[in-house]
Amino acid sequence: MNRLHLRQDVTIPAVVLAVTAVAFFVSPAISGATLTSFSVFNVFQQLAWLAPLTLALGITLMCGEFDLSVAGIAPLAAVLAIRFGDESPYVGAAAALGVGLVIGLVQGVLVSRLQISSVPVTMATYIALTGGTLWASGNQILSYDNSDVALWITKPVMTVLSPGTLIAGALALAIGLAMGLTTWGRDSRAVGSDRRAARASGVRVDAVLVLAFTSSGALAACSGVLLSFSTASANPNPDIKTLVLAVVAALAGGATLKGGRGRVVGILAGALAICFLQAIFSVNALEDSLSQFLFATLLLAVAAADAPDLARSVSRLTSARIPTGEPS
Amino acid sequence: MDFAHTRRRRIGARRRMAALAVAAVATSTTLAACGSSDSGGEAAKGGSAKGKTVMLLAGANSNTWAGYFNKIFTQEMKAEGVTVKPMLTLSPTEQVQQFREAIAQKPDAIVITLLDNKATILGIKQAKQAGVPVITFDGPPDPSVRDQVRSVESDNPALGRLAAENLIEGLRAQGKKKANIIAIGGLKAMLLTQQRQEAFDEEMKKAPEYRVLETTDSQWNPTLALQQAQQLIAKHGKGNIDAAYGMSDYLAIPIIQAAKQAGMKVGGKDGLLVVSGNCFKAGIDAIKKGEMYGTNTEDPGTLAKETADYTTKFLTGDDVEQHVTIKEERINPDNVDQFAEQCSHA
Amino acid sequence: MSIKDLVESSPGVAVTRARRLVAPPRWDTAVAVLGLLVVLALGATTDNFFTVANLRTIVTSASIVGIAALGATVILVVGGMVSMATAAAASLAAIVFVGTLDSSFAVAVVTTFAVVGGLYALLGWLIGAWAVNPIIVTIAAASLVQGLVLVTTDGALVTTSSSSLDVLNRRVGTIPVSVFAFGVLAVTLHLSLTSTRWGRRIFLVGENREAARVAGLRLGRVVASAFLVAGILTAIAGMFLGAITTNASLEVGGNLTFDAVAAALVGGASVAGGRGSALRTLAGALAVATVSDLLLLRGFDSGAQICVKGLVVLLAVVIVHLRSGEGRRA
Chain A
1 MNRLHLRQDV
11 TIPAVVLAVT
21 AVAFFVSPAI
31 SGATLTSFSV
41 FNVFQQLAWL
51 APLTLALGIT
61 LMCGEFDLSV
71 AGIAPLAAVL
81 AIRFGDESPY
91 VGAAAALGVG
101 LVIGLVQGVL
111 VSRLQISSVP
121 VTMATYIALT
131 GGTLWASGNQ
141 ILSYDNSDVA
151 LWITKPVMTV
161 LSPGTLIAGA
171 LALAIGLAMG
181 LTTWGRDSRA
191 VGSDRRAARA
201 SGVRVDAVLV
211 LAFTSSGALA
221 ACSGVLLSFS
231 TASANPNPDI
241 KTLVLAVVAA
251 LAGGATLKGG
261 RGRVVGILAG
271 ALAICFLQAI
281 FSVNALEDSL
291 SQFLFATLLL
301 AVAAADAPDL
311 ARSVSRLTSA
321 RIPTGEPS
Chain B
1 MDFAHTRRRR
11 IGARRRMAAL
21 AVAAVATSTT
31 LAACGSSDSG
41 GEAAKGGSAK
51 GKTVMLLAGA
61 NSNTWAGYFN
71 KIFTQEMKAE
81 GVTVKPMLTL
91 SPTEQVQQFR
101 EAIAQKPDAI
111 VITLLDNKAT
121 ILGIKQAKQA
131 GVPVITFDGP
141 PDPSVRDQVR
151 SVESDNPALG
161 RLAAENLIEG
171 LRAQGKKKAN
181 IIAIGGLKAM
191 LLTQQRQEAF
201 DEEMKKAPEY
211 RVLETTDSQW
221 NPTLALQQAQ
231 QLIAKHGKGN
241 IDAAYGMSDY
251 LAIPIIQAAK
261 QAGMKVGGKD
271 GLLVVSGNCF
281 KAGIDAIKKG
291 EMYGTNTEDP
301 GTLAKETADY
311 TTKFLTGDDV
321 EQHVTIKEER
331 INPDNVDQFA
341 EQCSHA
Chain C
1 MSIKDLVESS
11 PGVAVTRARR
21 LVAPPRWDTA
31 VAVLGLLVVL
41 ALGATTDNFF
51 TVANLRTIVT
61 SASIVGIAAL
71 GATVILVVGG
81 MVSMATAAAA
91 SLAAIVFVGT
101 LDSSFAVAVV
111 TTFAVVGGLY
121 ALLGWLIGAW
131 AVNPIIVTIA
141 AASLVQGLVL
151 VTTDGALVTT
161 SSSSLDVLNR
171 RVGTIPVSVF
181 AFGVLAVTLH
191 LSLTSTRWGR
201 RIFLVGENRE
211 AARVAGLRLG
221 RVVASAFLVA
231 GILTAIAGMF
241 LGAITTNASL
251 EVGGNLTFDA
261 VAAALVGGAS
271 VAGGRGSALR
281 TLAGALAVAT
291 VSDLLLLRGF
301 DSGAQICVKG
311 LVVLLAVVIV
321 HLRSGEGRRA
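Taken in order, these protein sequences are the chains called A, B and C.
Take 1 as the starting number for the first sequence in this note's numbering and just add one per residue.
Take 1 as the starting number for the second sequence in this note's numbering and just add one per residue.
Take 1 as the starting number for the third sequence in this note's numbering and just add one per residue.
Careful, some of the hints might be misleading.
Straight line, CA to CA, 16 Å or less: simulated EDC-like cross-link-like pairs of lysine to aspartate or glutamate [what the hints assert, rightly or not]:
1) Lys71(B) x Glu287(A)
2) Lys269(B) x Glu169(B)
3) Lys289(B) x Asp166(C)
4) Lys238(B) x Asp47(C)
5) Lys71(B) x Asp166(C)
6) Lys125(B) x Asp148(A)
7) Lys78(B) x Asp309(B)
8) Lys178(B) x Asp270(B)
What the hints contain is simulated information worked out from the structure, not anything from laboratory work.
Bound conformation, chain A alone (with noise of 0.2 Å):
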């Protein structure tokens, strides 16, 4: 990983944070809508969500894996949340965060022993955990009866932030520190880039997959409680659309499907930028069909930065020098 990743990764994502975030609070004034301090609050709980789901794409993302069933994974822990939170919020958060667990732990296993590839092992548990979820509700969307923990957990802080926030917010501190800190982050980056060479030089790749199978499930199981908690109520139908925001979030962020990329923190700027967007389509009441087109647009124009034949044609054409981002 060179210096040159290092600005990519962070350099990308913050480009993107900042241009959204700038239209968030200029496109108001443009469309005649009214831009409060609540609409700032607004994104931030999306944020508080959306960030623990794209931080589980983005760390197996960056070992090069790519787990669709964090799309299950958050509204089976949902829903185990609230069924289990009677007595106690902990109680519920605990057994969704455990389930969570080791369903990617056994994930990571299947991946890692047997190298297979990610895709259709976690579609498949995607479609078991619809199945599972739909089980575990009884076929019935839930309501939480302890309001309490909903209005606690969407109670401002510092006016914009809420401890739903912050809790995602710590929960994402803690990854990019323990990434930062140890060699988890490089190692994984390094599973990502080439697989061979890292076990060659060293890194325990099983352990790297595993551990980000297990991260990534309990991650969207946070996602799935923090979410459940903050509306009181658990849908046991899933929601592919949050699937898509997750994804296009880790993209911009930094991280590619290629794998050996991204950073928590560009993942994490990745995820606010998409709050931001969507918040702008809501502030301004724009047209349905437009988000569809802009969200085509920018998934494209990040599959096209990310295509190596690409690249490589275009340097063909220009034969110039550019720097093409090849593994260090």
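Once you have looked at the hints, place chains B and C on chain A.
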């Protein structure tokens, strides 16, 4: 990609049945109030709605039912000089977010269809605190916050009951002394599905000679409905099923297809009798072709007009009932022409 | 003879494939047989399972998803992983088909194939020529399709007054047209993949992209041609869905995205590329439909059916992977 596939269906589901008229009481009260100078509503009484702003939180236009509702509602409000700011989605998670945002915008009212009646409880409470009136339409608000909102509701129990009435009437017309029925329901997790199902089951008890064999949860998904209908027909044997209930037209049409594929006769004097829960163009066509016996209203246009009417009256400060239920109509081969236009937009 | 031809006709490639096709039964076959026996035993103890009507039901319910799964198979084989745009593309197909049916059936079919096939071919070209990530680009395509449909139809329901829609709902004897279509398409695709130069190229690119490039294959064209076929298959599935619901909206695609891939994976296709068979996907679609049917007959609700479907897919993925030997450490 199928973003929010099940979600989308749910809205679709709510076919608004539409009511020809809002409850007469509400209307008359309103009219009476118009002429009086005495105040009572939250808004300035007898004023004009002109220049006011409402946030419309509804299903995305990719759902044809929601799309038509949004179009008509916006048109009607515009005619009254009210600005409508739409926040559309089929994702309940996203709607929670939008709801919070809508409250922050402090509009004169929030008009919302509750994609998830539990997840929006908190938003309703927050809107109350912030002094922003909330008007829900279509599905019922959660009972725990019912007193904190205004609502224009489709009569979901009636939609279930009327479907059962059609079924019983049709079977009697066929001269069936006994009959077995299969039912393809919508997304069970939704309150409106439960209300329709309960009312349907309740009404069917009045004709104990007709037995409901099984009810499925199709999640409002026509493809799943087709598979379930195929499987139920195979399970019970095509000779042992006399009638079927699809909770909406687009669940009933796949039942007809499944029956035809299995070689069953559909409609007529002795064929499979199919009834549906709410109307779409496809259902009206099927009734005209004699393949479906009946359906009910709950069309988006009627509900949109009623909701717009209610919202305008509320904004101008007229006295309106807190909760208004749209009257739903039963459609059968005799009166199908009368409802054809109304039901042809979704 | 060019290098390309040499590689394509090289004994190595042919032998590998031949060996794969005629390989002696191994433990994975035993697992498959065991699975079949379990299903048969459960079926025998389930009322109404072994009836002609029920077997017809299984075949019918497998057919439309199966046709889309054939499309997913081509994409898997050419190394395009999975299309996250299947449901959107099928909905688009239903909309275009129903929307143009008033002119004539032939025009509607051609237009639908051109629109959806064209879209898929473009995606395939991006994926082939530039190595754009298939998952991202197909999610983007799904968003784009939704946006475009919203703008063009203004959210209105697309309907037709033409009765030719019924052609797709007809039965031949007691069997629905969709079943025949599924069978014919599966066999045709199987022959195309195994016995034509096109098929060999698809496998070659899927097995080893770099080798295919070195061999002089135009990756953009090959992958685009695979996606074109996948797009047409998805469009056919969408047309059948449109015919069932008799009108079309963005919703008719339903859960097709995951269901199609699930059937192809159960049929032994691999996301690593270069592995998959139309006939085995046919078997996969039937297997998934059989298991769902069995669970329904035994009184399990849809949650349990979906859950078991996921587990069956997981099992298939693991078995196929182990059998392929990809997992062995270097």
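To see whether the hints hold, each was checked on the structure:
1. Lys71(B) x Glu287(A): 12 Å, holds
2. Lys269(B) x Glu169(B): With a Cα-Cα distance of about 13 Å, the restraint between Lys269(B) and Glu169(B) holds, given a limit of 16 Å.
3. Lys289(B) x Asp166(C): The hint holds at about 13 Å.
4. Lys238(B) x Asp47(C): It holds: about 14 Å lies between the C-alpha atoms, which stays within 16 Å.
5. Lys71(B) x Asp166(C): Since the Cα atoms of Lys71(B) and Asp166(C) sit roughly 31 Å apart, the hinted pair is violated (cutoff 16 Å).
6. Lys125(B) x Asp148(A): With Cα atoms ~13 Å apart, Lys125(B) and Asp148(A) stay inside 16 Å; holds.
7. Lys78(B) x Asp309(B): 12 Å, holds
8. Lys178(B) x Asp270(B): Roughly 12 Å separates the two Cα atoms, so the pair holds.
In the structure shown, a violation is registered for the earlier hint numbered 5 alone.
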